[in-house]
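Take the sequences, apply the hints, and build the full model.
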Amino acid sequence: MMRLVMPDRALEGLTIIEVGTRGAASYGGKLLADLGADVIKVEPPTGDPDRALGPFPGGEVHREKSGTYLYLNTNKLGVTLDIASEKGRDVLGKLAAKADALIHDYPPAEAEAAGLTYDAIRAANPDIVMTSVTPFGQTGPQKDFKANDLTMQGAGGWLWINGQPGEPEMPPLKAFGRQPSYQGGVNGALATMGALYGRSRGGPGQHIDISIQECIAAILELTLPMWSYLKTPVVRWGQRPIHPIDMFQCKDGAWVFVLCIEEHQWERLVELMETPEWATWEVAADRFVRASNWDALRPFMEEWVSQWNADDLYRAAQDKRIPFAPVSTLGNLLDSDHLKERGFFVEVTHPEAGTLEHAGAPYTLSETPWEIRSPAPTLGQHNAEVFGGRLGLSGAEIEALEAEGVV
Amino acid sequence: MAGPLDGIRVADFTWVWAGPTNTMQLAHMGAEVIRMETSKRICTLRMLPPWPEGKPDPNSSGYFNQYNQGKRAILLDLSKDEGAAIARRIVEMSDVAVENFAAGVINRLGLGYEDLRKVNDDIIMMSMSGYGATGPDKDFISYGPAQVPMSGLSSLTGYKGWGPMHVGMSYGDPTAGLHAAFAVIAALFYRDRTGKGQYIDMSQWESSMAVIGEAFMHQVMNGAPPERDGSHDPRMAPHNVYRCAGEDRWIAIGCGSDEEFGALCGAIGNAALVDDARFATLAERKANEDALDAAIESWTSEQDPFDAMEKLQAAGVAAYPPLVNQEVMESPQLAARDFWVEHEHPQVGVRRHAGIPWHLSETPLSVKRAAPVMGQDNAYVFGELLGMGSGEIAGLVEREVIR
Numbered sequence: 001m002m003r004l005v006m007p008d009r010a011l012e013g014l015t016i017i018e019v020g021t022r023g024a025a026s027y028g029g030k031l032l033a034d035l036g037a038d039v040i041k042v043e044p045p046t047g048d049p050d051r052a053l054g055p056f057p058g059g060e061v062h063r064e065k066s067g068t069y070l071y072l073n074t075n076k077l078g079v080t081l082d083i084a085s086e087k088g089r090d091v092l093g094k095l096a097a098k099a100d101a102l103i104h105d106y107p108p109a110e111a112e113a114a115g116l117t118y119d120a121i122r123a124a125n126p127d128i129v130m131t132s133v134t135p136f137g138q139t140g141p142q143k144d145f146k147a148n149d150l151t152m153q154g155a156g157g158w159l160w161i162n163g164q165p166g167e168p169e170m171p172p173l174k175a176f177g178r179q180p181s182y183q184g185g186v187n188g189a190l191a192t193m194g195a196l197y198g199r200s201r202g203g204p205g206q207h208i209d210i211s212i213q214e215c216i217a218a219i220l221e222l223t224l225p226m227w228s229y230l231k232t233p234v235v236r237w238g239q240r241p242i243h244p245i246d247m248f249q250c251k252d253g254a255w256v257f258v259l260c261i262e263e264h265q266w267e268r269l270v271e272l273m274e275t276p277e278w279a280t281w282e283v284a285a286d287r288f289v290r291a292s293n294w295d296a297l298r299p300f301m302e303e304w305v306s307q308w309n310a311d312d313l314y315r316a317a318q319d320k321r322i323p324f325a326p327v328s329t330l331g332n333l334l335d336s337d338h339l340k341e342r343g344f345f346v347e348v349t350h351p352e353a354g355t356l357e358h359a360g361a362p363y364t365l366s367e368t369p370w371e372i373r374s375p376a377p378t379l380g381q382h383n384a385e386v387f388g389g390r391l392g393l394s395g396a397e398i399e400a401l402e403a404e405g406v407v
Numbered sequence: 001m002a003g004p005l006d007g008i009r010v011a012d013f014t015w016v017w018a019g020p021t022n023t024m025q026l027a028h029m030g031a032e033v034i035r036m037e038t039s040k041r042i043c044t045l046r047m048l049p050p051w052p053e054g055k056p057d058p059n060s061s062g063y064f065n066q067y068n069q070g071k072r073a074i075l076l077d078l079s080k081d082e083g084a085a086i087a088r089r090i091v092e093m094s095d096v097a098v099e100n101f102a103a104g105v106i107n108r109l110g111l112g113y114e115d116l117r118k119v120n121d122d123i124i125m126m127s128m129s130g131y132g133a134t135g136p137d138k139d140f141i142s143y144g145p146a147q148v149p150m151s152g153l154s155s156l157t158g159y160k161g162w163g164p165m166h167v168g169m170s171y172g173d174p175t176a177g178l179h180a181a182f183a184v185i186a187a188l189f190y191r192d193r194t195g196k197g198q199y200i201d202m203s204q205w206e207s208s209m210a211v212i213g214e215a216f217m218h219q220v221m222n223g224a225p226p227e228r229d230g231s232h233d234p235r236m237a238p239h240n241v242y243r244c245a246g247e248d249r250w251i252a253i254g255c256g257s258d259e260e261f262g263a264l265c266g267a268i269g270n271a272a273l274v275d276d277a278r279f280a281t282l283a284e285r286k287a288n289e290d291a292l293d294a295a296i297e298s299w300t301s302e303q304d305p306f307d308a309m310e311k312l313q314a315a316g317v318a319a320y321p322p323l324v325n326q327e328v329m330e331s332p333q334l335a336a337r338d339f340w341v342e343h344e345h346p347q348v349g350v351r352r353h354a355g356i357p358w359h360l361s362e363t364p365l366s367v368k369r370a371a372p373v374m375g376q377d378n379a380y381v382f383g384e385l386l387g388m389g390s391g392e393i394a395g396l397v398e399r400e401v402i403r
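These protein sequence lines map, in sequence, to chains A and B. Using our numbering, read the first sequence as starting at 1 and increasing by one per residue. Using our numbering, read the second sequence as starting at 1 and increasing by one per residue.
It is worth saying that the hints were derived from the structure and are not from the lab. Just so you know, not all the hints are guaranteed correct.
Unchecked claim - Quick list of simulated restraints, FRET-style, between CB atoms: (1) Thr280(A) x Ala283(B): 54 to 60 angstroms; (2) Val61(A) x Asp304(B): 35 to 41 angstroms; (3) Ala113(A) x Gly246(B): 36 to 42 angstroms.
None of these values were measured; they are calculated from a predicted model. Using N, Cα and C, we set each Cβ at its ideal position, and we do this for glycine too.
Written as structure tokens, this is what we have:
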């Protein structure tokens, strides 16, 4: 690891190799890159599949304009490499030899077939931290099960609890997007960073085996304790032991999130509602009782909410320190004065995709700000810089690799 | 061999779920996490179920015990000057301080970043709040369940033609907590190289939006969000949750390619589907998705979900039933990987808790102890760490500083 006297960025001087095709490694790599690590993204010669995923401007497929790819790969150097070929493997070993960590998301059988094993990477660099983020981990009877973000929500126990309560004909529902991959990514970055920090204090290089199924099972709120403490099966959006926690449509068509966690918040809500009779009934007496009787109470709340415009109600509640929330559309968020003042959305200019606003920093560090230094790389953009400049391959050697389709 | 954060101490002022999720990750990696609590205002999680036999008790909530594993806990009334002074002494011997009180509270207690720097100039302090420490709405209050609708995730999630949906858990909390722990370790790494601590402003709202980044790209590129479409996927078909035999039994299936669709048709004994022109390509399958789903469900609805999973997985098709909590806890895969933690707890005995999703080859991590009961580590922290005598501690109890 390069030692710097006074780095400007938290992770400056760390070199990370990212070999991913499923989003998890890309997000983990992004978290590290956005805090200043030097992340070299290794893509197959045909490109990361996320380049084909979109969304695309006007729906027109273009490998340099996929929104998923553009978002997940800011601040990275991009190279192409066929790691399944013998020569590609050799180049990957050279990259690993100069790196602090390698993060990938190839499932075990595919990784094995491509030679992307800890034994191989350790042989190139005994001090490296290698992180494998896979659906079920490296061991166990289901390690080779095929998976995607939908089935992983199922395997982790999340899918079961999401969906419309009280509608037995409606199936469990997937949460939008690629949440298991994102969770794998943030866990991957966290564990990698932990091991790198340990190494900087004299600890060893090592392999980190992360199971996305476990990442999901670890965050299910009170779902699992409901079984281990009470032997109670959970139901769709059923982990609401207190009420109100609900969503309603308002007069203007927008929705609002009605929430009281503490009893004193409910008391202020009753004031805001001008103390309707139903709120004084025994069946609404406290947050647990309201939960047991919510089916009966809900229509009253719905009726009251429907007389308001959503934003007015949200702000009226917050004025009384009741934690209501907007049910935001993405347009609302991009227009939010609060987020604007905080500078959350950032403009990123890409040579092919143009200037686009991205979701920005998940945290603000006072000394070492999160920042976008460069947009996502175009396919193979940094081949010469990385293979030539960093690995010292000659122009002829790189050309030969290109001719063989390795690069 | 020691964990990566061995020797790191965390002064933990957090409560509810997001903050404790952050500090639990740090405890998992070996940090000594000291929770400062008071019986004057008990942590929200301690007062939420499940409790064994449904009997409320701040020391036996499963919700609290799941997300506070491996930590220590003391009683300290921070609203008293003497209590805040003791907290500053704990911060003085810590590397990290984390809080998630409502905006402004920590400063009023004399425990803001400037106060803490005076006693520990390279402290890393993190404030975790719903809206962040700046901005016109910074004083608004928020909890994890609200972050799901606030972030836009609700408006993106839902059955086709229905309204926005929650996602069934307070997803904003763990998402913030995990991002927070990563930022803390990055700051520690920086501190060790430069001697500089720093202040980290963590907004749950913002970390919740970071995990739907591609949806914002859709909005920015095309002026509209992706439409709610149940469990369908724009790039995969079939991709849905299908009814199985039995009450409320289902299986999630997703095919990422024509080959996988062919394998699915073979596995469900319906080779005719492959040759059906309506399903020949992804575009055709998307255009005729209702018919496709019906054809697949006519098979799954006769199947036990786990039998269906085995048959489809044997053919190389991604399939898994939505597991109910009992099934997660009895999963052969999770058992084989030694995922569960079962420590003896003085109030609830041995209960199964979710463990650590990262398995480190050279410095294996383990949860050191069950979640603490209130004040469990008073003797260790006040006596051993701060060197107070028993008379001094008794005085603090008498003056209700320790309570």
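Here's how the hints hold up against the structure:
1. Thr280(A) x Ala283(B): 54 to 60 angstroms: 58 angstroms, holds
2. Val61(A) x Asp304(B): 35 to 41 angstroms: Check passed, 40 angstroms falls within 35 to 41 angstroms.
3. Ala113(A) x Gly246(B): 36 to 42 angstroms: 37 angstroms, holds
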